[in-house]
Amino acid sequence: MHEAEALAPAAPSQPARWEESGFAWVYAEHSRAVYYLCLRLLGDPAQAEDAAHDVFVRAWRKFAEFRGDAAVRTWLYRIALNHCRNLQQSWNARHLVSNADDAVWETAVAPADSPLRVLETKELGQRIQKALDALPAEYRLILLLVADDHLSYGEVAALTDQTADAVRGKLHRARRAFATAFAKTE
Amino acid sequence: MEPKPPSSRLAHEQAQDLAHQQQSRPAVKEFATAEELIRHDAAQTAPPPGLEERVKQSIAAEPPPPQPWWKRLFGR
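In the order they appear, the protein sequences are chains A and B.
If you count the first sequence from 1, position 155 lands on 176 in the numbering used here, and the numbers rise without skipping.
If you count the second sequence from 1, position 9 lands on 528 in the numbering used here, and the numbers rise without skipping.
Same shape as in the complex, but just chain B (with noise of 0.2 angstroms):
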């Protein structure tokens, strides 16, 4: 039959279990305001890391963009 572990190492581990769950339990945020929340949301979400490649390889294949308006104002 197996020992008993004495009783301060038997807290020792007690007290090493609880410190884990604790780092692994999610934390709790409290927000005011929906907005709060989705502000929140918002900063953690970000954009695909290919979007920008894309957006960039579409803008090299568009024809030439019009004039700007303060160009075509002046004549040049």
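Just chain A, same shape as in the assembly (with noise of 0.2 angstroms):
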């Protein structure tokens, strides 16, 4: 065997596809960061589901091309967003959906460094998503991104196609955004 194939990791063969490729592990690592992802973004339980399953069926198919270049997760996330993103466009095509108005959250009073006080319950899934419904598509993104302790904001710059400069910046003001909107949903 050649020395590179040694030390390479094990390529997904057709027998033995899920466990030893190593893609069980991918799955078992990161589905619940990737379903949490789609679901904040689509806001809907049964479209994440089926979108979490597209995504890992696409990460399947160029299970065999990943270099390691990026990690495991940024490359899952950057499947996700274009999908959500292709989903979000058709849907919207076709309901004429707009995007909360950019402007309106750069006055946005809530203090961005007060604490939010929650009531641990059933609908606090409910309100998040509320509030992140409110808030412009770019600000939702990066509360969601660096919310992920796996991501450094180098990683969570290169997802959004930006510098990390510009996401600590945005992120302020992602935060006051959302503790205004959070603020709403009582």
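Treat the hints with care, since some could be wrong.
Taking lysine-lysine pairs in the DSBU-like style, the calculated list, with each CA pair at most 35 angstroms apart, reads [what the hints assert, rightly or not]: (1) A:Lys151 x A:Lys205; (2) A:Lys205 x A:Lys191; (3) B:Lys575 x A:Lys151; (4) A:Lys205 x B:Lys575; (5) A:Lys83 x B:Lys548; (6) B:Lys548 x A:Lys205; (7) A:Lys191 x B:Lys575; (8) A:Lys143 x A:Lys205; (9) A:Lys143 x B:Lys575; (10) A:Lys143 x A:Lys191; (11) B:Lys548 x A:Lys191; (12) A:Lys151 x A:Lys191; (13) A:Lys191 x A:Lys83.
Ranges of calculated distance between the beta carbons of each label pair, as one might list FRET restraints [unchecked claim]: (14) A:Asn107 x B:Gln533: 56 to 62 angstroms; (15) A:Phe87 x B:Glu549: 57 to 63 angstroms; (16) A:Gly43 x B:Gln535: 53 to 59 angstroms; (17) A:Pro66 x B:Phe550: 20 to 26 angstroms; (18) B:Glu572 x A:Asn103: 22 to 28 angstroms; (19) A:Glu40 x B:Lys548: 56 to 62 angstroms; (20) B:Glu549 x A:Ala158: 56 to 62 angstroms.
These aren't lab readings, by the way, just hints derived from the structure by calculation.
Note that CB positions come from ideal geometry on N, CA and C, so glycine has one too.
Each chain sits in its own coordinate frame; assemble them with the hints.
Structure (structure tokens):
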């Protein structure tokens, strides 16, 4: 066997697809995060399940080409973001949905540094969804990505096509906008 | 007419009611930032139980994946 073959990760093969390819580990490690990102971007559990399924099938198709230039989480998120964006665009085209007005949030009055006090109820997820839905898409995405401990600011920046400094700057405004929107869900 | 319960029994019942109310009341949590709240929500949100099986079945129906880059590179 060639030395490079011995060092390279096992490639997916037809008979041993799930466990031996390493894809079972990819799923176990990242399915919760991918599903959550799809859920909060699409706002619907059934759509999110379908989207997460599609993300992992697409990832499987490209798994052999994955070179490890990016972390697996970042790679999967990029697939998920593209897929959710396509779904939203086709949905918006059919239903003429307009995005939140970005300018409104520039003057959001909630202080970004004051803590969020919440009751641990079943409705908490729905309140978070409502607040995220009210934000401009860019703020929503930055908050969701920064909330993931696995991602650095650099990786969030790469996923959102901007610099890490720009992410930091927008994060402050996104926090304030979220706090304002979240308060309205009470 | 029903006799009034003794005051010690009344106090005991009131204490029990209060304890029950406190137990059934949802806990108040505090999060410093929106990301912390979202992180907490993400930790509470599991993917649907049927998702893994769906993904496995779809992958089983997929054609064999192309050769990995390192096999193509070294021609084996």
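Here is what the structure says about each hint:
Only pairs whose Cα atoms come within 35 angstroms are accepted, and A:Lys151 paired with A:Lys205 is accepted, the gap being roughly 9 angstroms. With a CA separation close to 21 angstroms, the supplied pair A:Lys205 and A:Lys191 stays within the 35 angstroms bound. Restraint check for B:Lys575 and A:Lys151: the C-alpha separation of about 32 angstroms stays at or below 35 angstroms, so the hint holds. For the hint pairing A:Lys205 with B:Lys575, the CA-to-CA distance comes to about 41 angstroms; that exceeds 35 angstroms, so the pair is violated.
A hinted pair counts as satisfied when its Cα atoms are at most 35 angstroms apart, and A:Lys83 with B:Lys548 does not qualify at roughly 41 angstroms. As the CA atoms of B:Lys548 and A:Lys205 are separated by approximately 18 angstroms, the hinted pair is consistent with the 35 angstroms bound. Between A:Lys191 and B:Lys575, the direct Cα distance comes to roughly 39 angstroms. Violation of the 35 angstroms bound is thereby established for this hinted pair. This hinted pair checks out: A:Lys143 and A:Lys205 have alpha carbons roughly 17 angstroms apart, not beyond 35 angstroms.
Between the alpha carbons of A:Lys143 and B:Lys575 the distance comes to roughly 30 angstroms, so the proposed pair stays at or under 35 angstroms and holds. Restraint check for A:Lys143 and A:Lys191: satisfied, since their Cα atoms lie roughly 30 angstroms apart, inside the 35 angstroms limit. A hinted pair counts as satisfied when its Cα atoms are at most 35 angstroms apart, and B:Lys548 with A:Lys191 qualifies at roughly 26 angstroms. Restraint check for A:Lys151 and A:Lys191: the C-alpha separation of about 20 angstroms stays at or below 35 angstroms, so the hint holds.
Under the criterion of a C-alpha separation no larger than 35 angstroms, the hint pairing A:Lys191 with A:Lys83 is consistent with the structure, at around 32 angstroms. Range check, A:Asn107 to B:Gln533: about 60 angstroms between beta-carbon atoms, so the 56 to 62 angstroms window is met. Checked against the given bound of 57 to 63 angstroms, the beta carbons of A:Phe87 and B:Glu549, roughly 40 angstroms apart, lie outside it. The supplied range of 53 to 59 angstroms is met by A:Gly43 and B:Gln535, whose beta-carbon atoms lie about 56 angstroms from each other.
Distance hint check for A:Pro66 and B:Phe550: the Cβ-Cβ separation is about 23 angstroms, which falls inside the suggested range of 20 to 26 angstroms. In this structure the hint that B:Glu572 and A:Asn103 lie 22 to 28 angstroms apart at CB holds, the actual value being about 25 angstroms. A:Glu40 and B:Lys548 have their C-beta atoms about 38 angstroms apart, which leaves the hinted 56 to 62 angstroms range violated. Distance hint check: the CB atoms of B:Glu549 and A:Ala158 are about 28 angstroms apart, inconsistent with the given range 56 to 62 angstroms.
The structure does not agree with the numbered hints 4, 5, 7, 15, 19, 20 stated previously, though it agrees with the rest.
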